[in-house]
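K.L.:
Each protein sequence line maps, in turn, to chains S, B and Z.
Numbering follows the working numbering, in which position 274 of the first sequence is assigned residue number 274; successive positions increment by one, without gaps.
Numbering follows the working numbering, in which position 297 of the second sequence is assigned residue number 297; successive positions increment by one, without gaps.
Numbering follows the working numbering, in which position 207 of the third sequence is assigned residue number 207; successive positions increment by one, without gaps.
No lab work stands behind these hints: they were computed from the structure.
Nothing here was measured: the structure is a model prediction, and the numbers come from that model.
Don't be surprised by glycine CBs; every beta carbon is placed ideally from N, CA and C.
Treat each hint with caution, since some may be false.
Taking lysine-lysine and the DSS-like style, the derived pairs with C-alpha atoms no more than 27 Å apart in a straight line are [to be verified]:
(1) B:219 with Z:94
(2) S:118 with S:173
(3) B:219 with Z:140
Covered stretches of chain S (in silico footprint by chain Z; criterion: 3 or more residues with CB under 8 Å from a CB of chain Z, positions within the stretch not fixed) [claimed, not checked]:
(4) 95–104
(5) 152–158
(6) 184–193
(7) 212–221
(8) 247–255
(9) 258–271
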Amino acid sequence: MTAPVVDVRDLRVWYAGPGAPVQAVDGVSFTLRPGEVLGLVGESGCGKSTLGRGLMGLLPRGAAVDGEIIFDGRDLLSLPRKERERERGAGMGLIFQEPMTRLDPLMRISKHFTEVLKVHEPSLSKDEARTRALDALRSLGIPPTRYGNYPHEFSGGMRQRIMIALALALRPKFIIADEPTTALDVLVEAQILKILADIRQRYAPAILLITHNLGIVAEACDRVAVMYAGRIVEQGPVREVFADPRHPYTAALLSSTISLTTRELTSIPGAPPDLVRPPTACRFHPRCAHAMHVCAEVFPPLFESGSQVAECWLLGADRLDDAARRPLQRQEVSVADEA
Amino acid sequence: MSINLPELEGAEAAAALPAGRRHSRIPGVDAIRATSGFQRGMLVAGALIVLFFTVVAVFASAIAPYGFNDDRTKGGKVFGRLVAPSAQHWMGTTSGGEDVYSRVVFGAQTAMEVIVLAVLFSVVVGVPLGLLSGYLGGWLDRVLVLVTDALFAFPSLLLAIIVSIAIAGGSSSAAGGILSAAISITVVYVPQYFRVVRNATVAAREEPYVEAARTLGAKPVAIMTRYIFSNVVQTVPVIATLNAGDAILTLAGLGFLGYGIEPSAGAEWGHDLAKAISDTSNGIWWTGVYPGVAIALLVVGVTLVGESLNDVLNPLLRTAKVTPVTLPARRPSETAGEAA
Amino acid sequence: MPTKPDPLVSVTDLHVDFALRTNAVARLLGSSSGSVHAVDGVDIELAKGEVLGLVGESGSGKSTLGRALLGLVRPTGGSIRYRGQELVGLPESKLRPLRRELQMVFQDPHASLNPSMTVGRSISDALRIHGLHPGSERPKAVAAALERVGLAPASRFVDKFPGELSGGQKQRAVIARAIALGPELLVADEPISMLDMSVRAKILGLLDELRRDLGLTFVYITHDLASARFFCDRIAIMYLGRIVETGPTADIFENPRHPYTRALLRAIPDPDPSRGVPRDLPRGEVPDAADPPAGCPFHPRCPESFAPCGWETRDLRMILEQRWTTVEPAQYLAEERLVGDPDRFAAVEREAGVAVVRPAAGTAAELLELLESERADHPEEPLWSGVRDMTADNGAVRIEFVERVVPRLLPVVGSAVEVACHHYHSPDEQKADHSSVA
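Bound-form chain S, shown alone:
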């Protein structure tokens, strides 16, 4: 097996909230190999975007990070800031949900590319930069006739393609795509997913695809990491995880998703916790149908189960005594508290 491009170990990202800190990412570990796409899935507020920004070093004032982000053999968190920023620009690419907010409305598309290349690859000549940019745009289906246009002259899907082309211009080894298709129509979304698949074939970067859409994970990712309340609760190959989820949250999330095959609606009782004061031990225990006494008291270790890993005591119930295994009386959740 090839060495991982990205190896995140026990990462914590807490940011300042009103009063106490928000424990948005609280001990997250994963690895990404070249050419691999990891889907990071979770509901809003679970910390998945904060994790993405934390990896890039784009965090709000007052936020604190610890753990390790080993990229290309070096721990980014222990690098001096300058070097880290260089790494961020050249080694990592970022694709956002709303490309318009990242493109300068007063700059032609061509200028966006030459600026990026000038900063990170000053050795490139003007013509070379142009060819490189043109190549990137053409490979994403943007006609060269549009090279001199301004961002507002493009449709939403085209802008996202430009954003991707910009991220690819520096041939990064690692791309973070944060909800790249959320603002797009379904047909365009499918086009962008196809482009991401093509990029894997051509450049084989490692991609972290952050999304709330399980369908996108199923279609575009090799592995999936399910995030809940600041933790990755389950990780594994997409097929296995979706076919046989080991963590009750993954199972509940899958069954509450409305898909074309939905015949009956199911939902998760309760609401996601406040990350300023997350529940004790397993964060899902107040909403979990299978919660045991131990779940509220001892933090569940990571259990391996085939190619999947999950943080859930159910997978290690045989190690527990009867007292720990007693079912936990769940507090009555009124409909109103849900959502």
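Mind docking chains B and Z on chain S? Use the hints.
P.N.:
Using the frame of chain S, we list chains B and Z on its own:
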């Protein structure tokens, strides 16, 4: 469209909560709570200055030893002209033989009355006009925007002078004088309230909750008063305080140029300043310095309040207080988990 | 088809145009410089108690149609009858009392509640507007509405401002406000799309419950076919202001007929990983509604389009730009010099169905050669089936297109489905039917 709920993470979440609290109406209490350090000092200092002048204005007749126009005691003893500050006359007397201290105190009363009236009138006229214009749009909006823009373009003091000449003519009663001065200032400031409220209304008109009100069957008047009004007037208190400082200067300017309140109708700092100019060349400072300091102090006080309110209430300028996070040591059970 | 009882709502040939003020002069003068046909000739009927899904992408006109049903936007033509009463052209004052019966749930629950009104006041104000449950009855009615949508106990919520509630709770409050008036028809415009995954099922479940318990008639507007399949009895697929396919939900999903419907179904990312990544996707994006394609509005993107679908000059531009993303840069530069600004292809045809294109540099023969070579490279490109003749003539290339026929929504024999596509009704049928109707 497939737009999803934006994640309330990062800085947004930090900013969102205090914003939700803003619903407790009284700006004063909340404002002070929302400030800290230097900003709070500014706000408190400004508020104290304004409070001081308000007390002086309200109790002017009790505080001032003499009437503002008196040149002799009740017993008929003439003060004398341009008497230097003494135990009798703490701030001396004017060239007209009036007590400067009494005139400064009554001047505070005049200033406060005019400012309160002017701000009140501007709000009462500007806010409904802005609501109507912004909500109804069409030709009414075009005409009103054109007129207010024209008023904006006019030098404010000149405008106030023209209006004061037009309405006051030769009015000399105290109330009439104050009223006409207030109206002159109102005309200058109405466009500001109009503009702000109109623009906020134009934006609010497109909000889904206004469409929702239409869907419920609400009539235009109900939509304007019950749905739009409370959401567009939030900036009005800030503009009002910022304007008040400006209005004091306009009032003083009018008085200084002789278009303000008739000297016999009320004490007015600007007028006193104008009269004091010729005294300075003779080394007489007290007739000018005291009313001048009063003007400056009140303007500074009101502006301090206005600016710090603006910082606190204006979402564009508001910066959330951030306490840097320090990560606690990891829970032992958590790291142990990795090994299992 | 069996004879249906009188429909609750019937819409015929509805048109909603929006004036465009694109340039500064037009904006100053208040005149319009063209218009967008947001809804372009729509016919639908709604039976009482039915759930009709309006499904489409952005720009399909689904939201405008929903708002037109409630009189929130003014139609420019056609008719909407609610219980036999004509709504089009009705003055606002006559519409207002009807609003009690025609209610709406919005996409953004946060923005559709007045931020400075408590939830309780929002609902009681709706009741006040229509003079319902006066006096001491009103708080009881408000509480009943809140508890009906699951915000129980109501006392916990009446005094809350929208900012203090979660997304799902806000949407429940919006639904409570709507049903408090006792409406007949509820237009739900993407009611779950802004909510979190695990909350969507709860809100959709609530709507389903209300439909059963209160006998509400629904118009469910969405871009999400999955929730439409679950919730709707009947579906109308919209594209650029027109209905391209409509029929019972089961028929649409089991046997999608219109290529657009099929493309949508293929494109939905499904959580079942055994489904592969869809290939054969429609190219491009939804075109500008101010200047929709000729013929079938979907034809430039359609993977199944053929000769009669409405090929025109600007489709050539698309073909050339497509070509230029694949050829070598040097070849692109040479060809671009020859063709010039491809925007010229978007120009209106001087003679209907005939394009005359002059080369920017070089001769007409060279330009013709370029087009011919593109045809030879991609003979499968459907555009070429719509080109009747291509000749170099008088210093320009003259391209003649097959006659264009706008497909109309016609019933498919042997089913309850109607579809607007030349694959199901030949152009002759389309025209014949048109003349018989007109």
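K.L.:
Confirm or reject each hint.
P.N.:
Each hint, compared with the structure:
The straight-line distance between the Cα atoms of residue 219 of chain B and residue 94 of chain Z is roughly 12 Å, inside the 27 Å bound, and the hint therefore holds. For the hint pairing residue 118 of chain S with residue 173 of chain S, the CA-to-CA distance comes to about 19 Å; that is within 27 Å, so the pair holds. Distance hint between residue 219 of chain B and residue 140 of chain Z is fulfilled; the C-alpha atoms sit about 25 Å from each other, no more than 27 Å. Counting residues of the segment 95–104 of chain S whose CB falls under 8 Å from any CB of chain Z gives 0; the rule of at least 3 is not met.
For the segment 152–158 of chain S, the stated coverage by chain Z holds: 4 residues have a C-beta nearer than 8 Å to a C-beta of that chain, and at least 3 were required. Requiring three or more residues with a Cβ within less than 8 Å of a Cβ of chain Z, the coverage given for the segment 184–193 of chain S holds, as 8 such residues are present. Here the segment 212–221 of chain S counts 9 residues with a CB under 8 Å from a CB of chain Z, which clears the bar of 3, and the coverage holds. Given as covered by chain Z, the segment 247–255 of chain S passes the check, having 3 residues with a CB less than 8 Å from a CB of that chain where 3 are the minimum.
Coverage of the segment 258–271 of chain S by chain Z holds [criterion: at least 3 residues with CB-CB distance below 8 Å; count 11].
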